[in-house]
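When the letters of the sequence shown are read in order and numbered with mature numbering (1 follows the signal peptide of the UniProt record, and there is no 0), they come out as residues -27 to -1, 1 to 126.
Just to be clear, a hint being listed does not mean it is correct.
[Claimed, not checked] In silico DSS-like links for lysine-lysine, alpha-carbon gap of 27 Å or less:
#1 LYS16 - LYS52
#2 LYS31 - LYS112
#3 LYS60 - LYS49
#4 LYS112 - LYS52
#5 LYS20 - LYS49
#6 LYS60 - LYS16
#7 LYS112 - LYS16
#8 LYS55 - LYS122
#9 LYS112 - LYS20
#10 LYS60 - LYS105
#11 LYS31 - LYS52
#12 LYS104 - LYS52
#13 LYS122 - LYS20
#14 LYS104 - LYS20
#15 LYS105 - LYS49
#16 LYS112 - LYS60
#17 LYS105 - LYS52
#18 LYS49 - LYS31
#19 LYS20 - LYS60
#20 LYS105 - LYS55
#21 LYS104 - LYS55
#22 LYS20 - LYS55
#23 LYS112 - LYS49
#24 LYS16 - LYS55
[Claimed, not checked] What follows is a list of derived Cβ distance ranges for each label pair:
#25 SER35 - SER70: 17 to 23 Å
#26 LYS16 - CYS44: 17 to 23 Å
#27 THR2 - LYS31: 24 to 30 Å
#28 MET14 - ASP115: 16 to 22 Å
#29 VAL80 - LYS52: 32 to 38 Å
#30 MET114 - TYR28: 29 to 35 Å
#31 GLU9 - ARG32: 26 to 32 Å
What the hints contain is simulated information worked out from the structure, not anything from laboratory work.
The beta carbon of each residue, even a glycine, is placed where N, CA and C say it ideally should be.
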Amino acid sequence: MLLRYTVHAAVGVSCLLLMVAHQPVKACTCSEVTDEEHFCMAKSIVKLTVVRVTYVHKRTESSSSSYIVHCVRIDKDFKSMKSIAAKTILYLRTPRSSSLCGLRLTVGRQYLVSASMEGGYLHANACSWVKKWASVNQKEMDLLNGVVKPECA
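Take these sequences, add in the hints, and give me the full structure.
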């Protein structure tokens, strides 16, 4: 008798797990974009070094939000609406959750990042042009340095 209840409980738990497993999953999805398209769409493109990372969670009566603030040093400004001087310290804000396309950048590493500037923060996400600086190739360098002119619509 005890065995029958144990089997029924195991079947019930298995069914419950299957129902939960079939729930829709939220995920970050980005359209495929070429380097040239990234360049054309970007408001700012910079080479930066991550100095510090802070995880922020804000809660108000009506909402809550979590995000990551990367304290970054600008090493080179390739494109921006306002020229950003080298060695300037700025803050790059990104969603904390990878399902919301948040970025996870490593302290001490250099990156190429396309971003927008809003409210004194750079904003970027996983759909932005983000590469470890060491993996930027010659074709990309030619685009960044104006050797190759992009055909922006």
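So, going through the hints one by one against the coordinates:
no.	hint	in the structure
1	LYS16 - LYS52	holds (7 Å)
2	LYS31 - LYS112	violated (41 Å)
3	LYS60 - LYS49	holds (8 Å)
4	LYS112 - LYS52	holds (17 Å)
5	LYS20 - LYS49	holds (5 Å)
6	LYS60 - LYS16	holds (19 Å)
7	LYS112 - LYS16	holds (20 Å)
8	LYS55 - LYS122	holds (20 Å)
9	LYS112 - LYS20	holds (16 Å)
10	LYS60 - LYS105	holds (18 Å)
11	LYS31 - LYS52	violated (32 Å)
12	LYS104 - LYS52	holds (16 Å)
13	LYS122 - LYS20	holds (19 Å)
14	LYS104 - LYS20	holds (10 Å)
15	LYS105 - LYS49	holds (14 Å)
16	LYS112 - LYS60	holds (25 Å)
17	LYS105 - LYS52	holds (18 Å)
18	LYS49 - LYS31	violated (32 Å)
19	LYS20 - LYS60	holds (11 Å)
20	LYS105 - LYS55	holds (24 Å)
21	LYS104 - LYS55	holds (22 Å)
22	LYS20 - LYS55	holds (15 Å)
23	LYS112 - LYS49	holds (18 Å)
24	LYS16 - LYS55	holds (10 Å)
25	SER35 - SER70: 17 to 23 Å	holds (19 Å)
26	LYS16 - CYS44: 17 to 23 Å	holds (20 Å)
27	THR2 - LYS31: 24 to 30 Å	holds (26 Å)
28	MET14 - ASP115: 16 to 22 Å	holds (18 Å)
29	VAL80 - LYS52: 32 to 38 Å	violated (25 Å)
30	MET114 - TYR28: 29 to 35 Å	holds (33 Å)
31	GLU9 - ARG32: 26 to 32 Å	violated (41 Å)
The structure fails to meet hints 2, 11, 18, 29 and 31 from the earlier list, while all remaining hints are met.
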